[in-house]
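Asks: Whole structure, please, built from the sequences with the hints as guidance.
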Amino acid sequence: RKEVEQDPGPFNVPEGATVAFNCTYSNSASQSFFWYRQDCRKEPKLLMSVYSSGNEDGRFTAQLNRASQYISLLIRDSKLSDSATYLCVVNIYRGDNQFYFGTGTSLTVIP
Amino acid sequence: DAGVTQSPTHLIKTRGQQVTLRCSPKSGHDTVSWYQQALGQGPQFIFQYYEEEERQRGNFPDRFSGHQFPNYSSELNVNALLLGDSALYLCASSPPDTLGTEAFFGQGTRLTVV
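Going down the list, the sequences are from chains W and P.
Just so we're aligned: the first sequence equals residues 1 to 111 in our numbering.
Just so we're aligned: the second sequence equals residues 112 to 225 in our numbering.
Some hints here could point you the wrong way.
Restraint-style ranges between C-beta atoms, simulated for each label pair [stated by the list, open to error]:
#1 P:ARG221 x W:THR18: 26 to 36 Å
#2 W:PRO8 x P:PRO172: 18 to 28 Å
#3 P:GLU164 x W:PRO111: 50 to 60 Å
#4 W:ALA20 x P:GLN129: 43 to 53 Å
#5 P:LEU122 x W:SER28: 32 to 42 Å
Simulated pairs of lysine-lysine, DSS-like, Cα-Cα distance not exceeding 30 Å [claimed, not checked]:
#6 W:LYS42 x P:LYS124
#7 W:LYS79 x P:LYS124
#8 W:LYS45 x W:LYS79
#9 W:LYS42 x W:LYS79
#10 W:LYS45 x P:LYS124
#11 P:LYS137 x W:LYS45
#12 P:LYS137 x P:LYS124
#13 W:LYS2 x W:LYS42
#14 W:LYS45 x W:LYS2
These aren't lab readings, by the way, just hints derived from the structure by calculation.
Glycine is no exception: its CB is placed at the ideal position from the N, C-alpha and C atoms.
Replies: This is the structure we're talking about:
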């Protein structure tokens, strides 16, 4: 079983729409959680960390449910510039940081 | 402050050849991890170097080897290249062991094996 599972999409949504991505992780020892954004043929870049209490950054809201081992990302009022692949990442810390990536969810925002 | 830098950015090799990819971590970071990202897939962990030693390794064959230098820069070597080794190779660095830290990525090396 993969450490991190994501729906690969693609998600095609109109501008202004709200879209949600989900991710599950298999290892209960996972301790830190992130959403990364990856543009076509570019490296992944941190979008936001995910905290148990949930956190918001502008139009982006991330949630973590440790009991269900589930992470989500909500994007409100989608912009054309949000088109990218969104990677769910968990960090299993065993004295060192090891990051596990989902396959990514592709989002295209349509004018 | 330069971020993570990788070289070369693109590379074309023939099946059976050997390749060396290079990575300089972000200033202040001492841990370097290498990932392989095939088209349409998420990055897959190859191995991690810390204090010039391989500390963790993913499910990759021995054809994949690496090295870390005293200045924390790192190399990834792949021997006997296969067509399936064609991918984006990403280097990520992180600071001294700190729970919750994020990984910072270089721009990657796109390797094509023909």
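Asks: Could one say that the CB atoms of GLU164 (chain P) and PRO111 (chain W) fall in the range 50 to 60 Å?
Replies: holds, 51 Å
Asks: Is the Cα-Cα distance between LYS2 (chain W) and LYS42 (chain W) 30 Å or less?
Replies: holds, 24 Å
Asks: Okay, LEU122 (chain P) versus SER28 (chain W) on CB: inside 32 to 42 Å?
Replies: holds, 40 Å
Asks: Given the hint that LYS42 (chain W) pairs with LYS124 (chain P), test it: the Cα-Cα distance must not exceed 30 Å.
Replies: holds, 21 Å
Asks: Just to be careful, I want the Cα atoms of LYS79 (chain W) and LYS124 (chain P) compared with a cutoff of 30 Å; is the pair within it?
Replies: violated, 39 Å
Asks: What's the verdict on LYS45 (chain W) and LYS2 (chain W), does the C-alpha distance respect the 30 Å limit or exceed it?
Replies: holds, 22 Å
Asks: Quickly compare the C-alpha distance for LYS42 (chain W) and LYS79 (chain W) to 30 Å and report which way the hint goes.
Replies: Answer holds: LYS42 (chain W) to LYS79 (chain W) is near 19 Å, not above 30 Å.
Asks: Is LYS45 (chain W) within 30 Å of LYS79 (chain W), Cα to Cα?
Replies: Holds, at roughly 18 Å.
Asks: Does the Cβ pair ARG221 (chain P), THR18 (chain W) satisfy 26 to 36 Å?
Replies: holds, 34 Å
Asks: Is 18 to 28 Å a correct range for the gap between the Cβ atoms of PRO8 (chain W) and PRO172 (chain P)?
Replies: For PRO8 (chain W) and PRO172 (chain P) the Cβ distance comes to about 26 Å; the hint holds.
Asks: Holds or violated: are the alpha carbons of LYS137 (chain P) and LYS45 (chain W) at most 30 Å from each other?
Replies: holds, 14 Å
Asks: Quick one, are LYS45 (chain W) and LYS124 (chain P) close enough, alpha carbons at most 30 Å?
Replies: holds, 28 Å
When held up to the earlier numbered hints, the structure conflicts with hint 7 and nothing else.
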